[in-house]
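Q: Protein chains in written order, with our numbering: chain A, 6 to 259; chain B, 14 to 275.
Keep in mind the hints are simulated off the structure, nothing from the lab. Please read all numbers here as calculations on a predicted model, not as lab measurements. Be aware that one or more of the hints could be misleading.
As the list claims (entries may be wrong) - Computed footprint of chain A on chain B, listed as stretches where at least three residues anywhere in the stretch have a Cβ under 8 Å from a Cβ of chain A:
(1) 25-32
(2) 35-45
(3) 231-240
(4) 247-259
As the list claims (entries may be wrong) - Far from chain A by the CB rule (all over 12 Å, computed), these chain B residues:
(5) I75
(6) F83
(7) L87
(8) R107
(9) E111
(10) V136
(11) T137
(12) L139
(13) A165
(14) A178
(15) A179
(16) F187
(17) V191
(18) E216
Stated by the list, open to error - Chain A side only, calculated, beta carbon under 7 Å to chain B, not exhaustive:
(19) V79
(20) G85
(21) W92
(22) T95
(23) W168
(24) A172
(25) A193
(26) V200
(27) I237
All residues carry an ideal CB built from backbone N, CA and C; glycine is no exception.
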Amino acid sequence: MVVGAFQDAEGRPTLGNLDALRSEAALSALRGSLVLSASTALIGAVLGAVLAYLIVSLPSQNLLRRSALAVSGVLAQFGGVVLAFAWIATIGPVGVVTQAMSDWLGADVYGDGWLFGLPGLVVVYSYFQVPLMVIVFTPAFDGLRPQWREAAVNLGASTWDYWRNVALPLLTPPFLGALLLLFANAFAAYATAAVLVSQGQPIVPLMIRQAITSEVLLGQANLGFALALEMIVVVSVVMVGYNLLLRRASRWMR
Amino acid sequence: MTPSPGFKVLRAVGFLLFAVYFFVPLLAMLDFSTQVRGSAPGRTWDNWAFMVTDEDLRSSIIASLLLALFTVVLMVALLVPTMVWVRLRVPRARGLIEFLCLLPLTIPALVIVVGISNVYSWVTYLLGDNALVLTFAYVVLVLPYAYRAIDASLSAIDAETLSEAARSLGAGWFTVIVRIIMPNITGGILGAAFIAVALVLGEYVFASLLHFDTLPVATAALYKSNGPAAMAAALASMVLVAALLVGLTFLSRDRHKQGASS
Chain A
6 MVVGAFQDAE GRPTLGNLDA LRSEAALSAL RGSLVLSAST ALIGAVLGAV
56 LAYLIVSLPS QNLLRRSALA VSGVLAQFGG VVLAFAWIAT IGPVGVVTQA
106 MSDWLGADVY GDGWLFGLPG LVVVYSYFQV PLMVIVFTPA FDGLRPQWRE
156 AAVNLGASTW DYWRNVALPL LTPPFLGALL LLFANAFAAY ATAAVLVSQG
206 QPIVPLMIRQ AITSEVLLGQ ANLGFALALE MIVVVSVVMV GYNLLLRRAS
256 RWMR
Chain B
14 MTPSPGFKVL RAVGFLLFAV YFFVPLLAML DFSTQVRGSA PGRTWDNWAF
64 MVTDEDLRSS IIASLLLALF TVVLMVALLV PTMVWVRLRV PRARGLIEFL
114 CLLPLTIPAL VIVVGISNVY SWVTYLLGDN ALVLTFAYVV LVLPYAYRAI
164 DASLSAIDAE TLSEAARSLG AGWFTVIVRI IMPNITGGIL GAAFIAVALV
214 LGEYVFASLL HFDTLPVATA ALYKSNGPAA MAAALASMVL VAALLVGLTF
264 LSRDRHKQGA SS
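Bound-form chain B, shown alone (with noise of 0.2 Å):
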């Protein structure tokens, strides 16, 4: 069915409307972030300058970027080896490692920190009061999103011939995971840490209530002091996560394509 001329109009004003609603606070954003200290007029790029002079804030973005790649990192080990020995081994437990990694999706955040702050006294008394201890309570939260990606990308190939036939060439578990099966995963895995990235990016309800100073905690703060070069830090990061999220998108569909042709 071709729309009417009519609807045609009305769809575009539509999408004019919803486009403002959505892009305005984001130009009202780089706007601000532009001005000059004190409202005197002029445009500058001090205030962007300023996330690579600042100590705290430069402290906070190195704090947070290891964090997001020790993430990733003990995500990838823990988990790719945990799916792909339950689907070869045990594939009865499917079922409960599943609900294990979907359950921090329902849970809100917040509850998981009020129940986890006991444990952190603990960790941070053992490991020392650093940043990246979060690493631990990030891998927790980024689970669910990390075994969706993984979890298709692993039901697309046949986990089950490939092992077999590495082990029955004299290949270990080892070798089996890392060099037979993950090499065949790599989209999946790709994508679970490009989300891992983004998430623990803009992750602020543990930070802020664990009182660690990660990057949109340290933004938060600075926002006090200095408005511009807040925003300029939060729109940075706004921007990198939504490369990383499309870039995301364009992966999966270039799987799709793979897909299609083979």
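Next up, chain A with everything else stripped away, as it sits in the complex (with noise of 0.2 Å):
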């Protein structure tokens, strides 16, 4: 494949397709697909730990705590084609929500179809971004103990005090790190969006997919696969990232 990204439709070698990489769709789309990563890794990363930390705030045989984390778990894994229905239905043309709202309020949700575009693809991959936080989170608040909090107190400390000097630079490293994750999570994510979107590319695997299956445009394979490379490139980079937090992190998480 990295071959196949430097060579064009003869396989003659070319540096064509990295200069295609540089044209104003390419360049929309991968502008597209670093901002829904990042929004939807944001949005997921802080209400994932507020979650994270409603859960943990329960005693530890609490039933709504298990099946909370139990059901964090699956949902996590769940994507792809059944969570783009779900949203159809809910918010979509004919969605539930979106004829409830019309009926009792009078307001029109569905709009003009910003779920089937950017805006659509931040609400519904924070679906399955919001539990994979609570399950790559909760065992930081878990890692916490209690002793750190009572020296805090007997030192004087305020529940602020502890907060601010204690709890958060130890939170800190591995929020970013699960941010990373997060973010990659969600650039890596291409079935919920081919389902939804079917028009246009309005971010990188779309257009991968346009490439490769395409049938107006031929000899675009290539171009596919440097678009791929493109992809590992930004994969590989946020991955060094979240490994070098990750070692930062476990020095206190023992």
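Could you fit the two chains together into a complex? Lean on the hints.
A: Structural data, given as structure tokens:
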């Protein structure tokens, strides 16, 4: 595939495919992908951290806590075709919530089809990002030992002091690490977007789909290779950062 | 520290909001799948029956289930002997195997498809144009999850002593792996199999881009002609996968209990 990225349709070596990456369409797809991944990673990380804190604040044998963790485990795996359908059924043109809102409040949730563009993808991707964050981040909260809090309180710290000076610095590396993981997860996701978006290529994975399945523009397979290479580069950068942060985080989480 | 009443109320509201966000789409799907076609009033289960009556959908379900079965069998047949062998005979290669097995997790599935599509034109040429040839790709896809599950249970037993005991009693390597090691890591193998089935039943990227009719691909296509029936099929597969994954968490909890009591 790497070789393919540097070949033209007849197999001659070329840098033309990389030039094509700088084209307007490819750049806007890359921008769309980065915006989508970054925003859903941020939303997922913040909401997921809140939910993780709510879960951790329950006693450890609590039924709600255990089932919430189990459900998170299931929902984080829940993507693809089924997820796209679920949201079409909810806020699609004839979705349940769309109809309920127009019946009761006269509000138009569907609008002019934002669900099938980039904003819709943000809402839909958050659906699996939040549970993933819960799974990744709950151990970090669990790793905060009650002794540390007691020690801080003994030394005269208020609740605010404890969070500001003890908990937050400890939680920051795992939080950033989880953020990168979520970013990579959203960046690589394809199936949901493929079902939801049928026109245009707002993000890189859909552009790859068009490049390798197009029947109108032949000989674009090598552009697909180049785009795939671009994805690998982005993901590897993210993963290297993730591993560095993980090493930093594990210093205290023993 | 006991939480204050105000925090408890806040927590309940928070849980409620998250529950709404996560469960409304699922309920909406259920609602959608029981609607009569053409927005007529009333409820029907016809769309659920459609899964069995429709020829295309039924064949795609069978294809997906067979695919899941073959993937699990091939995965176990490949991974278990390799991991046992590496652990007992060439411990130095362990890092390499681990790296290779976790690699598919870091590379986006879409990128793997782009890379593998050339290989697959040869595979379909040699083995025929059948959805079951996807097995090979899916084995690669489930490797990271399967590796972790099996590795965890393999670390929990003393594989070296067990195999040395068996070898000194005259067992061959085949007997050691199949009759000594495997029964001891059933939990790990089951866990790996559950995750593999769950992944294969929902996998869309490979199947759609390589043009094979598995259940998710068929559902996505069906949605364009018969929405409610597609919803029903999607929800059914989702429930099955959820049951498998929840079963997995119970399985691992039982294993913890066993470990604690012994």
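Q: Each hint needs a verdict: does it hold in this structure or not?
A: Going down the list of hints, with the structure as the test:
1. 25-32: holds (count 3)
2. 35-45: Answer holds; 9 residues pass the 8 Å Cβ test.
3. 231-240: Coverage by chain A holds here, the residue count being 3 at a Cβ distance below 8 Å.
4. 247-259: Our answer is that it holds, as 8 residues pass the Cβ test (under 8 Å) against chain A, meeting three.
5. I75: holds (18 Å)
6. F83: holds (20 Å)
7. L87: Holds, because the least Cβ-Cβ distance between L87(B) and chain A comes to about 21 Å, which exceeds 12 Å.
8. R107: At roughly 19 Å from the nearest Cβ of chain A, R107(B) sits farther out than 12 Å, so the non-interface label holds.
9. E111: Fine: 14 Å to the nearest Cβ keeps E111(B) off the interface.
10. V136: For V136(B), whose nearest Cβ neighbour in chain A is about 16 Å away, the distance exceeds 12 Å, so it holds.
11. T137: holds (16 Å)
12. L139: holds (21 Å)
13. A165: Label holds. Min Cβ-Cβ 16 Å, cutoff 12 Å.
14. A178: holds (35 Å)
15. A179: Holds, because the least Cβ-Cβ distance between A179(B) and chain A comes to about 36 Å, which exceeds 12 Å.
16. F187: With a cut-off of 12 Å, F187(B) remains clear of chain A, as the shortest Cβ separation is near 35 Å.
17. V191: The assertion about V191(B) holds, with a minimum of 31 Å to chain A.
18. E216: Label violated. Min Cβ-Cβ 8 Å, cutoff 12 Å.
19. V79: holds (5 Å)
20. G85: holds (5 Å)
21. W92: With a closest approach of 6 Å, the W92(A) hint holds.
22. T95: Cβ of T95(A) sits 4 Å from chain B, so the hint holds.
23. W168: violated (13 Å)
24. A172: Cβ of A172(A) sits 13 Å from chain B, so the hint is violated.
25. A193: holds (3 Å)
26. V200: holds (5 Å)
27. I237: Holds, about 6 Å.
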